[in-house]
Amino acid sequence: MGKYFYTDGIEKYGPYTKEELSNQKISRTTKVWCYGMDKWTELSKVPELSNVLNSIPPELKTDPPEEEVSKTADTEPIQNKETKTPPPKKNEKSSSFSKWLIAIIVVILISLFAYSVIQNQSEVNQYNEIAANSYDSDEDFDMYVQKFYRDLEFYGIYPKKPKVQIIKFSKLDQLDNTTHIHGLSFGSGDDDRIEIYINPSTWKQFNKPMRYFLMYHELAHDVLNLDDLEAKSWNEGKLMYPAISSYENKNMDDFIESAHALFEKQSE
Amino acid sequence: MRYSLILLIVLIPSVLFSQAFTESDIKQLAEQVNQKLKGVDVGNGITARGCIAVGRTLIYQYDVPEYWQAPENIKEELISNQKTAGAANNYYLYDIDVDFYYYKGNSLIKKVSIKSNEFSTYNFELGEYLSIKNHPKSKEVNLKLKPPIGWEIEEGNRPNIVKKFTKEGNTYLILIKENMTFFSRSEAREMLSDESFVNEFVQETSSVMKNSEIHEKSIVTIDTYPTLHFKVSGKMERSGITIPMIMKCWVVFYEDKIVFLQSMGINNAEFRALEQLYFMITNSVIFPDQYN
Numbered sequence: 001m002g003k004y005f006y007t008d009g010i011e012k013y014g015p016y017t018k019e020e021l022s023n024q025k026i027s028r029t030t031k032v033w034c035y036g037m038d039k040w041t042e043l044s045k046v047p048e049l050s051n052v053l054n055s056i057p058p059e060l061k062t063d064p065p066e067e068e069v070s071k072t073a074d075t076e077p078i079q080n081k082e083t084k085t086p087p088p089k090k091n092e093k094s095s096s097f098s099k100w101l102i103a104i105i106v107v108i109l110i111s112l113f114a115y116s117v118i119q120n121q122s123e124v125n126q127y128n129e130i131a132a133n134s135y136d137s138d139e140d141f142d143m144y145v146q147k148f149y150r151d152l153e154f155y156g157i158y159p160k161k162p163k164v165q166i167i168k169f170s171k172l173d174q175l176d177n178t179t180h181i182h183g184l185s186f187g188s189g190d191d192d193r194i195e196i197y198i199n200p201s202t203w204k205q206f207n208k209p210m211r212y213f214l215m216y217h218e219l220a221h222d223v224l225n226l227d228d229l230e231a232k233s234w235n236e237g238k239l240m241y242p243a244i245s246s247y248e249n250k251n252m253d254d255f256i257e258s259a260h261a262l263f264e265k266q267s268e
Numbered sequence: 001m002r003y004s005l006i007l008l009i010v011l012i013p014s015v016l017f018s019q020a021f022t023e024s025d026i027k028q029l030a031e032q033v034n035q036k037l038k039g040v041d042v043g044n045g046i047t048a049r050g051c052i053a054v055g056r057t058l059i060y061q062y063d064v065p066e067y068w069q070a071p072e073n074i075k076e077e078l079i080s081n082q083k084t085a086g087a088a089n090n091y092y093l094y095d096i097d098v099d100f101y102y103y104k105g106n107s108l109i110k111k112v113s114i115k116s117n118e119f120s121t122y123n124f125e126l127g128e129y130l131s132i133k134n135h136p137k138s139k140e141v142n143l144k145l146k147p148p149i150g151w152e153i154e155e156g157n158r159p160n161i162v163k164k165f166t167k168e169g170n171t172y173l174i175l176i177k178e179n180m181t182f183f184s185r186s187e188a189r190e191m192l193s194d195e196s197f198v199n200e201f202v203q204e205t206s207s208v209m210k211n212s213e214i215h216e217k218s219i220v221t222i223d224t225y226p227t228l229h230f231k232v233s234g235k236m237e238r239s240g241i242t243i244p245m246i247m248k249c250w251v252v253f254y255e256d257k258i259v260f261l262q263s264m265g266i267n268n269a270e271f272r273a274l275e276q277l278y279f280m281i282t283n284s285v286i287f288p289d290q291y292n
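Line by line, the protein sequences are chains A and B. Every letter in the first sequence is one number past the one before it in the working numbering, and letter 34, counting from 1, is 34. Every letter in the second sequence is one number past the one before it in the working numbering, and letter 157, counting from 1, is 157.
If you're looking for bench data, these hints aren't it; they were derived computationally from the structure. If you're wondering where the values come from, they're calculated on a predicted model, not measured in any experiment. No residue lacks a Cβ here, since even glycine has one placed at the ideal position from N, Cα and C. Do not take every clue at face value.
Taking lysine-lysine and the DSS-like style, the derived pairs with C-alpha atoms no more than 25 Å apart in a straight line are [what the hints assert, rightly or not]:
#: 1; chain 1: A; residue 1: K208; chain 2: B; residue 2: K139
#: 2; chain 1: A; residue 1: K161; chain 2: B; residue 2: K139
#: 3; chain 1: B; residue 1: K163; chain 2: A; residue 2: K250
#: 4; chain 1: B; residue 1: K133; chain 2: A; residue 2: K204
#: 5; chain 1: A; residue 1: K208; chain 2: B; residue 2: K83
#: 6; chain 1: B; residue 1: K83; chain 2: A; residue 2: K250
#: 7; chain 1: A; residue 1: K147; chain 2: B; residue 2: K257
#: 8; chain 1: B; residue 1: K83; chain 2: B; residue 2: K27
#: 9; chain 1: B; residue 1: K133; chain 2: A; residue 2: K250
#: 10; chain 1: B; residue 1: K133; chain 2: B; residue 2: K163
#: 11; chain 1: A; residue 1: K250; chain 2: B; residue 2: K27
#: 12; chain 1: B; residue 1: K257; chain 2: A; residue 2: K238
#: 13; chain 1: B; residue 1: K104; chain 2: A; residue 2: K204
Facing chain B, from chain A, some residues (calculated, C-beta under 7 Å) [stated by the list, open to error]:
#: 14; residue: D151
#: 15; residue: Y158
#: 16; residue: Q205
#: 17; residue: K208
#: 18; residue: E248
#: 19; residue: M252
#: 20; residue: D253
#: 21; residue: I256
Label pairs and their calculated CB-CB ranges [what the hints assert, rightly or not]:
#: 22; chain 1: B; residue 1: R189; chain 2: A; residue 2: I118; range: 51 to 61 Å
#: 23; chain 1: B; residue 1: T166; chain 2: A; residue 2: Y149; range: 52 to 62 Å
#: 24; chain 1: A; residue 1: S116; chain 2: B; residue 2: R189; range: 47 to 57 Å
#: 25; chain 1: A; residue 1: E153; chain 2: B; residue 2: N283; range: 34 to 44 Å
#: 26; chain 1: B; residue 1: T224; chain 2: A; residue 2: I118; range: 49 to 59 Å
Okay, chain A solo, but in the shape it has when bound (with noise of 0.2 Å):
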């Protein structure tokens, strides 16, 4: 009775007789040699060994047999490992690595999930913190509301007139991260709203025609739901230009002039 080897693609294990070898962790797809074969065959495919084949269960993981070599003339040498531990499987390895992947994604989701959170929460609390610190005035804002929905009536545009509209001065001077800031919208994206928050020391600065690029930029955010422009040279002297403290040179035509190119856009 011939004696068997296997192989699981790394080592090669034997050799076994045929109940010995039924007892190894072998497959249908494990290949196997004995002395007399031309080559490494599949289980399945040796005849001789269909006993075998019978007694092997569903496909499962198995560990490559251990595999006895021994040398002849017509076959790849083969190693004698008698009693040996099988080596971990390639899939074993890739296994693993895709744990440490999505354990590692898993961590920067949940880092940044947090880091969202955080980000939140320091912007609710610098809002209420703007709001608690704004107050009435006898500046007539509404006068700049008024007019901007004038304005863009004229260019065709008739956006939602909103139920709830404030716009007063806090305390942006005072506050930690606000005093470089001239307004602040928080009417974006919701149509129902018109809320800005100015600075009372810039806008007794401010100029007339600074005045006017101040509102209707802020009254573009809220009403017209606009984002600012990128920081550019070429986008220096248009309405959503996010710097305008450099606006100090401007006058009522610059003003005039980028808010109808504002609304002619729109209006397209």
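Given chain A, put chain B in place with the hints provided.
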């Protein structure tokens, strides 16, 4: 003095409604004055020879005594006398030149020629700047100008009239209306380059008058702002009487407002005389905000 009164009596009915005094009118006037004046002793041994007209010049002729010497400042005295008598303004308004000839026997010993504009009694002087900034009716327009000296400065009695300057039925007012949107200076100039727009605008502005006729129309600049200038005449009814009126207007397109600098009066020589004053007032207008 007497002939001045005669002149006034003849001219007053004309002053109210006439628009011009032709050479024929002047000749007719001379004949009327001559009839009243010829041979009259005007004092100091001087006797009026009569009054004739040559072109647009009234010529008063006098016989003087041998001892008579013309005062050095005779011209100034004659002008002053005419102003005191009230005739000077009419010479000015109706563009009538006046000569005074003085004879000793048949020799003309003195001739004094006075041009019509030398008889002007109008004080075309402007006062200090008047600002309408923060005026309740100014609609945020910051404007200042110099009012004419001797005129009343009144509040506008209608919603859009901010201030008005008045004197003896003549008016110069500042009226401010909302425009439909903002216009930059270049945008306004472009709008005013449209002839049909301008004509329609002028017609609408002068719709207060019936049978209106446009005499002047041009695009000018007032303190860097594009301005439509026009002069329109027509008729208006006041208390059942139809009166020929004339309006001279400067319409400034200032940001999102339209500023009317409007003069109005009876369509007569006096209005034409005052046009120079209205021009001076308008020319003094400044919009200070653009310089801040």
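How the hints compare with the structure:
The suggested pairing of K208(A) with K139(B) holds, with an alpha-carbon distance near 14 Å, which does not exceed 25 Å. Proximity of K161(A) to K139(B) is assessed by CA-CA distance (about 24 Å); at most 25 Å being required, the pair is judged to hold. With a CA separation close to 31 Å, the supplied pair K163(B) and K250(A) exceeds the 25 Å bound. The straight-line distance between the Cα atoms of K133(B) and K204(A) is roughly 18 Å, inside the 25 Å bound, and the hint therefore holds.
Of the supplied pair hints, the one linking K208(A) and K83(B) is violated, its CA atoms being roughly 51 Å apart against a limit of 25 Å. With a CA separation close to 55 Å, the supplied pair K83(B) and K250(A) exceeds the 25 Å bound. Restraint check: the Cα-Cα separation between K147(A) and K257(B) comes to about 12 Å, which is no more than 25 Å; the hinted pair holds. A C-alpha spacing of about 22 Å is found between K83(B) and K27(B), which places the hinted pair at or below 25 Å, so the restraint holds.
In summary, the hint linking K133(B) to K250(A) is supported, as the alpha carbons are separated by about 22 Å, within the 25 Å threshold. Taken as a hint, the K133(B) and K163(B) pair is honoured in the structure, with Cα atoms around 12 Å apart against an allowance of 25 Å. Restraint check: the Cα-Cα separation between K250(A) and K27(B) comes to about 64 Å, which exceeds 25 Å; the hinted pair is violated. With a C-alpha separation of about 23 Å, the suggested pair K257(B) and K238(A) falls inside the 25 Å cut-off, and the hint holds.
Proximity of K104(B) to K204(A) is assessed by CA-CA distance (about 81 Å); at most 25 Å being required, the pair is judged violated. Because the closest C-beta pair between D151(A) and chain B is about 5 Å apart, less than 7 Å, the hint holds. For Y158(A), the suggested interface contact is broken, since its CB lies about 14 Å from the closest CB of chain B, more than 7 Å. Interface restraint check: Q205(A) against chain B, minimum CB-CB distance 12 Å, threshold 7 Å, status violated.
With its C-beta approaching chain B no nearer than about 6 Å, K208(A) sits inside the 7 Å limit, and its interface hint holds. At a threshold of 7 Å, the smallest CB-CB gap from E248(A) to chain B is about 11 Å, leaving the interface hint violated. Checking M252(A) against chain B: minimum C-beta separation of about 6 Å stays under 7 Å; hint holds. Satisfaction of the interface hint for D253(A) is found here, the shortest Cβ-Cβ separation to chain B being roughly 4 Å, below the 7 Å cut-off.
The criterion of a C-beta within 7 Å of any C-beta in chain B is met by I256(A), whose closest approach is roughly 4 Å, and the hint holds. Roughly 55 Å separates the CB atoms of R189(B) and I118(A), a value that falls within the hinted 51 to 61 Å. In this structure the hint that T166(B) and Y149(A) lie 52 to 62 Å apart at CB is violated, the actual value being about 39 Å. Between S116(A) and R189(B) the Cβ separation comes to about 53 Å, which falls inside the hinted range of 47 to 57 Å.
For the pair E153(A) and N283(B), the beta carbons lie near 37 Å from each other, so the given range of 34 to 44 Å is met. In this structure, T224(B) and I118(A) meet the distance hint of 49 to 59 Å, their C-beta atoms being roughly 54 Å apart.
The structure shown violates the earlier hints numbered 3, 5, 6, 11, 13, 15, 16, 18 and 23.
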